[in-house]
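Protein sequences appear in the order of chains F and R.
Using this note's numbering, the first residue of the first sequence is number 273, and each one after it goes up by one.
Using this note's numbering, the first residue of the second sequence is number 77, and each one after it goes up by one.
Treat the hints loosely; a few may be bogus.
Computed, partial: chain F to chain R, Cβ under 7 Å [unchecked claim]:
1) 331
2) 373
3) 374
4) 387
FYI, nobody ran anything at the bench for these hints, they're computed from the structure.
Cβ coordinates follow ideal geometry from the N, Cα and C atoms, glycine included.
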Amino acid sequence: AQTVTQSQPEMSVQEAETVTLSCTYDTSENNYYLFWYKQPPSRQMILVIRQEAYKQQNATENRFSVNFQKAAKSFSLKISDSQLGDTAMYFCAAQTTDSWGKLQFGAGTQVVVTP
Amino acid sequence: GAGVSQSPRYKVAKRGQDVALRCDPISGHVSLFWYQQALGQGPEFLTYFQNEAQLDKSGLPSDRFFAERPEGSVSTLKIQRTQQEDSAVYLCASSSLGGHTEAFFGQGTRLTVV
């Protein structure tokens with residue numbers, strides 16, 4: 273079994289600034305994947321970034337980057353140069369290699385970008 | 077299709093009524109998942125199909141929930157004798173292979189039981 277914890281219900285950031293969302297997880301598996309998904313008011317989950325646990329290098333996708341600390345079971349998301357369109361719920365999720373692709377989600381963090 | 081399509085987008089059901097929620101995955105996607113998302117929470121896994129085979133239904137909350145994918149494409153999630161606690165957004169996702177390729181989500185069906 274695995275659990276994913278997001279301890280920040282809401283984060284506010286000004287346009288062009290940087291915000292960091294925290295996520296911790298607990299799994300007994302050695303091989304797993306970690307994800308950040310964005311859910312705007314339209315409700316459609318959109319993949320932001322993905323990290324394979326066996327890779328030490330932190331994943332980066334344009335303005336989005338992660339800080340993956342495997343020993344601490346921590347997986348934070350940094351949004352740089354925040355834009356108004358980044359306003360959404362952000363979910364951290366974990367997936368083990370033997371789970372058919374089933375995702376375990378955290379409770380989410382609402383990000384509000386203000387002008 | 078271009079993306080995962082779910083219908084209806086909104087459904088209001090009277091308590092005790094049966095409902096059927098439809099998911100049309102991306103053409104050719106082998107894997108299909110259903111998730112339940114209660115208000116203010118993250119999605120919770122319900123069930124998984126690989127083609128027409130339901131390989132995991134461990135997340136279905138009760139025997140009132142039933143899912144099928146008879147031809148390995150469109151899937152239907154049926155809830156019998158709906159209860160207020162069934163009120164949630166039901167999300168469908170599909171991916172091209174079982175395992176760890178990217179899952180694409182639909183916009184969900186918001187079910188409200190009154």
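For each hint, the structure was consulted:
For residue 331 of chain F, the shortest C-beta to C-beta distance to chain R is roughly 13 Å, which exceeds 7 Å, and the interface hint is violated. Restraint check, residue 373 of chain F versus chain R: the minimum CB separation of about 5 Å is within 7 Å; hint holds. Taking 7 Å as the C-beta contact cut-off toward chain R, the hint placing residue 374 of chain F at the interface holds, the least distance being around 5 Å. Residue-level restraint check for residue 387 of chain F is violated (minimum Cβ-Cβ distance to chain R is 26 Å; threshold 7 Å).
Comparing the model with each numbered hint stated earlier shows that hints 1, 4 do not hold.
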